[in-house]
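Chain by chain, the residues:
Protein chains: 2
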Amino acid sequence: MKIKGVMAVVSGPSGVGKGTICTCLAEKYDDFFLSISATSRSPRPNEIDGVHYYFKTQQEFDEMIENDQLLEYARYVGKSYGTPKKPCMEHIEKGENVILEIEVQGGTKVKEKEPNTIMIFVVPPSLEELESRLRGRGTETEEAIKQRLSRAKEELKLMKNYDYIVVNDSVEEAAERIRSIMIAESFKTENMINTVKEELEL
Amino acid sequence: MKIKGVMAVVSGPSGVGKGTICTCLAEKYDDFFLSISATSRSPRPNEIDGVHYYFKTQQEFDEMIENDQLLEYARYVGKSYGTPKKPCMEHIEKGENVILEIEVQGGTKVKEKEPNTIMIFVVPPSLEELESRLRGRGTETEEAIKQRLSRAKEELKLMKNYDYIVVNDSVEEAAERIRSIMIAESFKTENMINTVKEELEL
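Chains as they are written, first to last, in the numbering used here: chain Z, 349 to 550; chain Y, 349 to 550.
In case anyone wonders, no lab produced these hints; they're calculated from the structure. Mixed in with the good hints there might be a few duds.
Note that the list lumps identical chains together, so a pair holds whenever it fits in one copy or between two copies.
Unchecked claim - As a list, the in silico SDA-like pairs of lysine to any residue whose alpha-carbon atoms are at most 20 Å apart:
(1) 434 / 485
(2) 501 / 542
(3) 536 / 511
(4) 508 / 483
(5) 545 / 467
(6) 545 / 365
(7) 508 / 464
(8) 376 / 521
(9) 404 / 391
(10) 433 / 413
(11) 350 / 461
(12) 457 / 479
(13) 457 / 375
(14) 442 / 397
(15) 459 / 349
(16) 350 / 416
(17) 508 / 537
(18) 545 / 506
(19) 536 / 490
(20) 536 / 487
(21) 461 / 517
(22) 427 / 441
(23) 350 / 549
(24) 352 / 444
(25) 459 / 538
(26) 545 / 413
(27) 350 / 439
(28) 350 / 477
(29) 505 / 545
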């Protein structure tokens, strides 16, 4: 029986490890894909078009906006970034699953455009753990870490708007939890009933 | 972070293999338990109290009803059968998951008493497959098989009242799907948000 794929937005505060979790999931399972963003910024050395980003001119990017080809987009330091709709929908039609690792504002826009999107928020096991992960990067001043931590606390308040909250006590476990959520969603009655009725001639 | 367990009702038409799926799940995973029914019928040879059933006198059973100790109960061929509430709740409190393999009427009663119960309906991949499974038992007349099949079709119409529909194309896959559903449910925002707020001091 043909099972349709699903799309999930994965958000969470800076430092929580959502990037690592999503990469882990996509590397481990053939039917899970990380969405690739489009951007109008120039590729850096060793960045490949269609792998790290879809690189577009600003004009091409603006045309994608006009033609409603983006699930969400935003400007950052004078450049445009967004999520192309078509590749996501193609995976889903094939019965595969798509993960958008994206901040809360962008996630909300995706949900508005595609109401079936599953909203998953990743939280740290504790604030101490989050702080030590932010420190672990070892690249920032005490002042910057304090700021990030205070911003993370603000971001955490937004978890109430999400469908699921996943604790990241280990990358592998968190990845398995997100996978479970996405599998479960594809078997919701509203997603299955038409296919099942057809196949069983009811 | 402490994750609460969940309870699921697993129903489906006769012959669909729900018993095999549930047993597979409980045998494979330490934190998944099959609920054990109480009954007023006498134990058969090699049936063990607390393993196959909780064996009760009719008076004991009636007292359990009066004291609201059963999630559901029914009479069948002059004897009582029901699902004791306490062991289920104890597993859930410990962060374990409980599966009730139960027909639709009983399942509906459980959902009324415990609205957080997840309702999962198992369907065959096709009607031909269901028929061949019913025949495979090799113990029934053509007439009886026809009757069972026609009843199965009626039962299948009730899937629309369930939260999830799981296709049983293979026992292992169906068991994994049910496991995913139960894990996913425990990470729903409404089930997680209080614990997370507490642990993260928000």
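Which of the numbered hints are not met once you compare them with the structure shown? 1, 4, 11, 12, 13, 14, 15, 16, 19, 20, 21, 22, 26
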